[in-house]
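Undergrad: Protein chains in written order, with the numbering used here: chain A, 1 to 358; chain B, 1 to 247; chain C, 1 to 73.
Heads up, a few of these hints could be off.
[Said to hold, decoys possible] Some, not all, of what chain C presents toward chain B, calculated at C-beta under 10 Å:
#: 1; residue: 3
#: 2; residue: 9
#: 3; residue: 13
#: 4; residue: 14
#: 5; residue: 16
#: 6; residue: 52
#: 7; residue: 55
#: 8; residue: 60
#: 9; residue: 66
#: 10; residue: 68
#: 11; residue: 69
Keep in mind that the hints were calculated from the coordinates and are not lab data. Note that this is a predicted model, so its numbers are computed, not measured. Beta carbons: idealized from backbone N, C-alpha and C, even for Gly.
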Amino acid sequence: MRKKLSKVLMKGNEAIGEGAVRAGCRYFFGYPITPQSELPHYLAKRLPEENGVYLQSESETSAINMVYGAAGAGSRVMTSSSGPGISLMQEGISYIAGAELPCVIVNMMRGGPGLGNIAPAQSDYLQAVKGGGHGDYFVVCIAPASVQEIIDFMYDAFDIADKYFTPVMVLADGILGQMMEPVEFKENQEMELPEKPWAANGKRGRESKNIINSLYIVPEDLEEHNFKLKDKYSIIEEKEQRWEEYYTEDAELVLTAFGTSARVCKAVVDKARQEGLAVGLIRPIMVWPFPQKAFDKVIHSAKQFLTVEMNTGQMVEDVKLAVAGRRPVYFTGRPGGMLPIANDIFEEVKKLMSGGAE
Amino acid sequence: MKKVFTRPESFNDIPMHYCPGCTHGIIHRLVAETIDELNMVDRAIGVAPVGCSVFIYNYIDCDMYQASHGRAPAVATGVKRVVPDGVVFTYQGDGDMAAIGTAEIVHAAARGENITVIFVNNAVYAMTGGQMAPTTLMGQKTTTTPHGRESDANGYPVKMAEMLSTLDGSSYISRVSVHDPKNINKAKKSIKKAFEVQMENKGFTMVEVLSICPTNWGLSPKESVKWLDENMIPYYPLGEYKVPAEV
Amino acid sequence: MARVTFREERCKGCELCTLVCPKGLITMSEHINSMGFHPATITDMDKCNGCALCARMCPDLVIEVERDEKKVV
Chain A
1 MRKKLSKVLM KGNEAIGEGA VRAGCRYFFG YPITPQSELP HYLAKRLPEE NGVYLQSESE
61 TSAINMVYGA AGAGSRVMTS SSGPGISLMQ EGISYIAGAE LPCVIVNMMR GGPGLGNIAP
121 AQSDYLQAVK GGGHGDYFVV CIAPASVQEI IDFMYDAFDI ADKYFTPVMV LADGILGQMM
181 EPVEFKENQE MELPEKPWAA NGKRGRESKN IINSLYIVPE DLEEHNFKLK DKYSIIEEKE
241 QRWEEYYTED AELVLTAFGT SARVCKAVVD KARQEGLAVG LIRPIMVWPF PQKAFDKVIH
301 SAKQFLTVEM NTGQMVEDVK LAVAGRRPVY FTGRPGGMLP IANDIFEEVK KLMSGGAE
Chain B
1 MKKVFTRPES FNDIPMHYCP GCTHGIIHRL VAETIDELNM VDRAIGVAPV GCSVFIYNYI
61 DCDMYQASHG RAPAVATGVK RVVPDGVVFT YQGDGDMAAI GTAEIVHAAA RGENITVIFV
121 NNAVYAMTGG QMAPTTLMGQ KTTTTPHGRE SDANGYPVKM AEMLSTLDGS SYISRVSVHD
181 PKNINKAKKS IKKAFEVQME NKGFTMVEVL SICPTNWGLS PKESVKWLDE NMIPYYPLGE
241 YKVPAEV
Chain C
1 MARVTFREER CKGCELCTLV CPKGLITMSE HINSMGFHPA TITDMDKCNG CALCARMCPD
61 LVIEVERDEK KVV
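Kindly produce the complete structure, drawing on both the sequences and the hints.
TA: This is how it looks when you write it as structure tokens:
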């Protein structure tokens with residue numbers, strides 16, 4: 001056991017690995033892809049120390065199906081990848097959601113579409129928060145913005161997966177994966193989690209067999225299953241919205257950004273406040289469920305919203321839905337692995353606040 | 001009088017959805033008989049494919065998974081790594097395993113994944129309506145090769161048992177048939193041996209079972225067993241392709 | 001002495017059992033079962049020696065076979 005409560009300098013990708021191990025994850029299945037490689041490297045060494053299994057699969061398609069099997073057997077299991085690999089996993093994630101299995105999927109986003117590039121981006125937001133694969137489902141999606149949050153959120157990711165029997169995605173980008181920051185390992189606040197009597201790991205005296213399945217051949221049965229999932233998602237939407245508010249109490253212009261973009265936006269807010277401008281930031285920590293409540297809370301003072309992303313405008317759709325036409329919502333972003341620059345955003349902020357929106 | 005033939009205990013007593021004469025029922029029964037004889041219903045964990053045999057999870061009375069198309073060996077890998085003392089098997093058709101699932105089956109075998117694969121080869125995609133399968137014979141008519149399979153357009157049938165037996169990770173590989181009682185007995189022995197090899201942790205095992213599909217072959221069940229004997233066995237020779245030492 | 005029991009309502013009339021009976025004792029009934037198939041039946045039970053080939057060939061486990069245990073003389 002490593003020393004607790006002492007600060008260690010860690011890379012984001014390695015922090016995910018250590019965080020997962022501390023959260024009780026003992027199985028990892030994955031396929032190499034940049035920019036998340038340090039995570040499998042770390043776990044290939046770390047998991048055997050805990051009598052866990054690290055297995056390099058033949059493809060992301062296989063990796064996610066290994067996760068399906070391991071999750072169905074009742075274990076804490078994860079995989080990680082980046083954009084193109086996550087696309088390959090979507091089929092499996094759909095089956096996992098349909099069969100109501102808990103697992104954690106890390107997406108260290110890079111530039112797309114297609115092969116795109118390996119530079120950091122937030123190009124997979126829509127894929128992550130709108131289900132992603134075929135069928136009627138959602139994936140809980142948590143977006144850290146620092147290496148410390150990565151560590152802390154790995155506990156949450158596994159706990160939420162086990163609480164609701166649902167796949168949870170950790171949505172970060174190449175910068176967070178590569179960045180080194182001092183981190184502290186805290187004791188996990190143990191959540192009360194349900195048992196897994198459905199786990200298919202051999203009957204072993206159990207009266208009836210367990211079947212891990214997403215097939216409901218009779219339409220009435222599938223409808224019932226879909227409504228059951230919907231009820232679960234409604235509970236998650238009610239209980240698991242998470243966000244950070246930064247100078248929002250009196251903000252007339254509210255920036256919205258997650259992950260790395262939010263770090264840039266904090267610098268923008270600081271600068272604006274120094275110049276006496278009432279600017280704040282809503283940083284969604286959960287991007288699904290989207291923090292609707294955060295927007296309802298600020299709408300009294302907010303006159304306009306500016307969404308900042310490392311893409312050409314994805315989360316801005318959800319911001320518009322949350323604002324629901326009550327205020328104008330603007331967007332600025334840099335795709336392709338380019339970072340939004342604080343000064344550029346600040347110029348945009350000043351333009352909007354002087355009534356100069358196009 | 002003594003019962004000399006009855007339903008295996010681990011074979012649920014419900015009507016099966018298969019077409020008349022479909023030999024999936026026989027192959028299911030052989031798996032269930034093996035589970036009974038090796039006294040492992042509490043440890044057995046099956047993975048069902050996408051295809052006609054998807055509902056095997058209803059028929060065999062052990063824990064089961066339903067996998068996405070072709071991915072059963074990957075699912076079985078995940079299960080086996082978490083439950084090393086489980087007796088894990090997949091049951092897959094030729095479309096599932098020899099087309100969309102080639103990467104998963106080849107690499108499960110290459111890793112020497114300690115699982116048993118029951119591979120049902122009936123030379124056709126059955127559930128979706130009789131299309132050409134990777135195992136469709138040359139000249140064989142299907143709904144997507146209306147004039148018979150031709151090499152120019154469709155290449156050649158895949159011989160899975162031969163292919164997988166070349167891999168160092170595979171341990172026991174055989175091809176059997178269930179078109180008559182004599183071969184059914186041999187198939188049973190082979191399936192049982194594959195499970196025994198798994199239980200001795202000797203690595204990847206696969207039994208390819210030639211099977212009939214009267215509905216999509218456009219033949220009666222009686223004509224189908226004859227067709228299998230005369231056409232499939234010459235192209236897909238029966239026998240043990242790989243046997244581990246001391247078995 | 002042997003007894004073969006056909007679970008008629010499960011028979012899909014595929015006739016594979018008729019093909020493998022060494023004595024040709026199995027035929028298809030005139031009537032149809034609840035699924036609409038002509039179920040298989042045995043014509044002359046006295047001639048059956050309980051070899052169970054029919055049962056092993058049946059894909060739907062329609063057939064059960066019982067046989068006198070061999071008497072040790």
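Undergrad: Check the structure against each numbered hint from earlier and tell me which ones fail, lowest number first.
TA: none
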